[in-house]
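Line by line, the protein sequences give chains A and B.
When the letters of the first sequence are read in order and numbered with the working numbering, they come out as residues 1 to 169.
When the letters of the second sequence are read in order and numbered with the working numbering, they come out as residues 170 to 586.
Hints are computed from structural coordinates only; laboratory data are not their basis.
Note that this is a predicted model, so its numbers are computed, not measured.
Misleading hints may appear alongside valid ones.
As the list claims (entries may be wrong) - The list that follows gives simulated cross-link-like pairs (lysine to aspartate or glutamate, EDC-like), each with its CA atoms no further than 20 Å apart:
1) A:K38 - B:D498
2) B:K260 - A:E75
3) B:K237 - B:D195
4) B:K258 - A:E75
5) A:K79 - B:D383
6) B:K259 - A:E75
7) B:K262 - B:E240
8) B:K260 - A:D39
9) B:K262 - B:D293
10) B:K262 - A:D159
11) B:K379 - A:E75
12) B:K581 - B:D195
13) B:K296 - B:E307
14) B:K262 - A:D56
15) B:K262 - A:D54
16) A:K79 - B:E390
17) A:K124 - B:D486
18) B:K348 - A:D62
19) B:K259 - A:E160
20) B:K333 - B:D417
21) B:K260 - A:D159
22) A:K79 - B:D386
23) B:K260 - B:D498
24) B:K258 - A:D56
25) A:K124 - B:E487
26) B:K484 - A:E160
27) B:K260 - A:D54
What the hints assert, rightly or not - Derived DEER-like restraints, expressed as beta-carbon distance ranges:
28) A:V104 - B:K288: 43 to 49 Å
29) B:D195 - A:D62: 26 to 32 Å
30) A:E105 - B:D386: 51 to 57 Å
31) A:A57 - B:D446: 28 to 34 Å
32) A:G84 - B:L302: 32 to 38 Å
Claimed, not checked - Beyond 12 Å from chain B on every Cβ pair, some chain A residues (computed):
33) P42
34) A57
35) K79
36) A99
37) D134
38) R138
39) L169
Virtual Cβ for every residue (Gly too), placed ideally from N, Cα, C.
What follows is each chain in one-letter form.
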Amino acid sequence: MSTSATTATLTATAAIGLDEAAAFIWAEGELLDRLAYKDWLPLWAGGHYVIPIDRDASDPVDALNIAYDDATMREARVKRLLSGFSMSSAPPARTVRSASRFVVEDSAPGALTVRCAQILVEYKYGRTRTLAADVTYRLVRTDAGLRMAGKSILLLNSDEDLFGIGYLL
Amino acid sequence: MTDPANTLVREDRVHTSLYTDPALFDAEMDRIFKNSWVWVAHASELPGPNTFKTAHVGLEPVIVTRDKAGEVHVLLNRCRHRAASVCEKKKGKASVFVCPYHGWSYAPDGALRMVPHAKGYPADFDKDEFPLLSLRTESYNGMIYATFRDDIMPLEEWLGPARKWIDLFMKQGAGFGVKALGEHKFRFPGNWKIQLENTTDAYHFPIVHKTFLDSLDEETEDVFDVLGQGGWVEDLGNGHSVMVMIPDLIDLEDNLDAPIPERFAALADELRAEGHDEALVRKVVRAVGGTGFNLNMFPNIACSMAFFRVLRPVKVDETEIQHIAIGMDGGPAPANRMRLRLHEHFQGPMGFGTPDDAEGWERVQRGAQAGQDVWIMVNRGVAAPDGVAEPGHNAGDVSSETGMRAAYRMWKRMMEA
């Protein structure tokens, strides 16, 4: 179990434990539910924010995705969502999300790939809707703490009809 | 229904019940979607013998197949025995469709091949009487349509002057041919005609899509100044219309010597580094961003700048939309990658454009609950710039509602018939 006191003394190559990863993912989810997107952007260290459509695509770069954002597109997306000029995001649906059923996919010094189940419920116009997904995080340790080097959100119904989503998954 | 068209559609306005009345919706499914050419597929979605995709003609699920000989069929997705759907996949390869319930099997042309335990039927049971029901199918330049009617005009006549714009649209294949690359699919709680209108509505663009425009570099933002470039909307007959927003991008085989836009400079360098000659580089770069017009075809398909927009009415207040991304069939990988990224930027459930459109359409449906006797106004428009539209065609300026009036004129014609 890492505490904030011990985390500060770790070197950048120390292994990332599942409990530490889960704490990061819960904190990230809370930021997104609160629309604290400006605090979310610095949690990235390169990589892509991907919401695929095709469940079997070998590389999302050559497939059509719901989102395929590098750092520039993430910044542009956050600017758009917070601008007040996007009618689907001003205001967006309210969201509550939880993450659980964590599975380590790959572990290396200073890096961890972890997959989890995310259940998100949104509310707008008197209507609640659920979006369930397998979310895969590529986490890396930096001097400033854990950072995302990739996040892929595979919606349960990624290849079926969705609806306009005015917030970040 | 007593003559709904005359009382509900006028030249400059349509009645709110066109969005809200379930009985009118049922009549539309019958009188419009069973009596017109309905788009079902692009040829590239059936990439070889024994391939298929599933689709709908109006409310009815169909399988679009290409048989061993390459011929395309549109078949009702319903076993002739006790009605189970015979295919629930979106697309794939199949040389036979087997009903999962009692095992009746059908060829890609619909013929009934095998009936398990056939001796339980009388000796005169004739398999030829029970093929999957087949719709009349025709295609134009890769666009595949089906109709329930054997006696309506041929597809080419139905499309009329829209054919010229289909041909121009397909030039974004840059000589390789157009290929479907994937699709975004979403629903909104609103009537299908709200979406039909939107494809010929430049008026909303700078307002609804301000955040998309703000995400572009300055040069590209100027390209997307859709109201400021002398564009127009032209009535093409039979409910079809074209809205030209960027006149420079009507013909992608013109102006190949123009300077390469800054946003495509890196792509041009990548193509040169792959060894493509300068002529091909320019052709691909000119085509990669798509065309400058929306061709809106009644009742369910649009060739919209760089993608196909397919609408499917579900209920009076529910509509499904597909945005099919397209690229160059066998074209350079970096160019197709760029097309995918451009499509994702605007389209789909989390694009920088679509969610705001969808929210807007939902707001129309919500607003239409108020004032049931108030009219929807489609009277906007001043004259088109001189000399742009085909002589004899009704046309208005780019932000005119000429295309909506064209569609509602066709609606009225079909609902009265």
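Verification of the hints:
Of the pairs offered as hints, the one joining A:K38 and B:D498 is violated, with about 40 Å between alpha carbons and a cut-off of 20 Å exceeded. Under the criterion of a C-alpha separation no larger than 20 Å, the hint pairing B:K260 with A:E75 is inconsistent with the structure, at around 36 Å. Straight-line distance between C-alpha atoms of B:K237 and B:D195 comes to about 37 Å, which puts the hinted pair past the 20 Å bound. For the given pair, B:K258 sits about 37 Å from A:E75 by alpha-carbon distance, which is inconsistent with the 20 Å threshold.
For the proposed pair A:K79 and B:D383, the alpha carbon gap of about 9 Å is at most 20 Å, so the pair holds. About 34 Å separates the Cα atoms of B:K259 and A:E75, which puts this hinted pair outside 20 Å; it is violated. About 14 Å separates the Cα atoms of B:K262 and B:E240, which keeps this hinted pair within 20 Å; it holds. For the given pair, B:K260 sits about 42 Å from A:D39 by alpha-carbon distance, which is inconsistent with the 20 Å threshold.
Restraint check for B:K262 and B:D293: not satisfied, since their Cα atoms lie roughly 33 Å apart, outside the 20 Å limit. Using a Cα cut-off of 20 Å, the hinted pair B:K262 and A:D159 holds, with the two alpha carbons roughly 18 Å apart. Taking the CA atoms of B:K379 and A:E75, the gap is near 16 Å; set against the 20 Å cutoff, the hint holds. Among the hinted pairs, B:K581 with B:D195 is consistent with the structure: their alpha-carbon atoms are about 15 Å apart, no more than 20 Å.
Taking the CA atoms of B:K296 and B:E307, the gap is about 26 Å. The hint is violated against a cut of 20 Å. A distance of roughly 16 Å separates the Cα atoms of B:K262 and A:D56; the hinted pair therefore holds under the 20 Å criterion. Distance restraint check for B:K262 and A:D54: the Cα-Cα separation of roughly 17 Å lies within the 20 Å cut-off, and the hinted pair is therefore satisfied. Restraint check for A:K79 and B:E390: satisfied, since their Cα atoms lie roughly 16 Å apart, inside the 20 Å limit.
Only pairs whose Cα atoms come within 20 Å are accepted, and A:K124 paired with B:D486 is accepted, the gap being roughly 17 Å. Distance hint between B:K348 and A:D62 is fulfilled; the C-alpha atoms sit about 14 Å from each other, no more than 20 Å. The straight-line distance between the Cα atoms of B:K259 and A:E160 is roughly 10 Å, inside the 20 Å bound, and the hint therefore holds. A distance of roughly 17 Å separates the Cα atoms of B:K333 and B:D417; the hinted pair therefore holds under the 20 Å criterion.
Between B:K260 and A:D159 the CA atoms are separated by roughly 12 Å; this keeps the pair inside 20 Å, and the hint holds. A distance of roughly 14 Å separates the Cα atoms of A:K79 and B:D386; the hinted pair therefore holds under the 20 Å criterion. Distance hint between B:K260 and B:D498 is fulfilled; the C-alpha atoms sit about 18 Å from each other, no more than 20 Å. At most 20 Å may separate the alpha-carbon atoms for a hinted pair to count; B:K258 and A:D56 meet this at roughly 15 Å.
Using a Cα cut-off of 20 Å, the hinted pair A:K124 and B:E487 holds, with the two alpha carbons roughly 17 Å apart. Using a Cα cut-off of 20 Å, the hinted pair B:K484 and A:E160 holds, with the two alpha carbons roughly 18 Å apart. For the given pair, B:K260 sits about 12 Å from A:D54 by alpha-carbon distance, which is consistent with the 20 Å threshold. Between A:V104 and B:K288 the beta carbons are some 58 Å apart, a value that contradicts the proposed interval 43 to 49 Å.
In this structure the hint that B:D195 and A:D62 lie 26 to 32 Å apart at CB is violated, the actual value being about 43 Å. Roughly 37 Å separates the CB atoms of A:E105 and B:D386, a value that falls outside the hinted 51 to 57 Å. For the pair A:A57 and B:D446, the beta carbons lie near 32 Å from each other, so the given range of 28 to 34 Å is met. For A:G84 and B:L302, the hinted distance range of 32 to 38 Å is not satisfied, since their beta carbons lie about 52 Å from each other.
Listed as outside the interface, A:P42 is consistent with that label: its C-beta sits roughly 20 Å from the nearest C-beta of chain B, beyond the 12 Å cut-off. Taking the minimum C-beta to C-beta distance to chain B, about 9 Å, the non-interface status of A:A57 is violated against the 12 Å cut. Not every CB of chain B lies more than 12 Å from the CB of A:K79, the least distance being 7 Å, so the non-interface label is violated. Every Cβ of chain B is farther than 12 Å from the Cβ of A:A99; the closest lies at roughly 19 Å, confirming the non-interface assignment.
The beta carbon of A:D134 sits about 17 Å from the closest Cβ of chain B, which is more than 12 Å, so the claim that it is off the interface holds. Taking the minimum C-beta to C-beta distance to chain B, about 20 Å, the non-interface status of A:R138 holds against the 12 Å cut. Distance to chain B contradicts A:L169 as a non-interface residue, since its nearest Cβ pair spans about 8 Å, not more than 12 Å.
Of the hints listed earlier, those the structure fails to meet are numbers 1, 2, 3, 4, 6, 8, 9, 13, 28, 29, 30, 32, 34, 35 and 39, in rising order.
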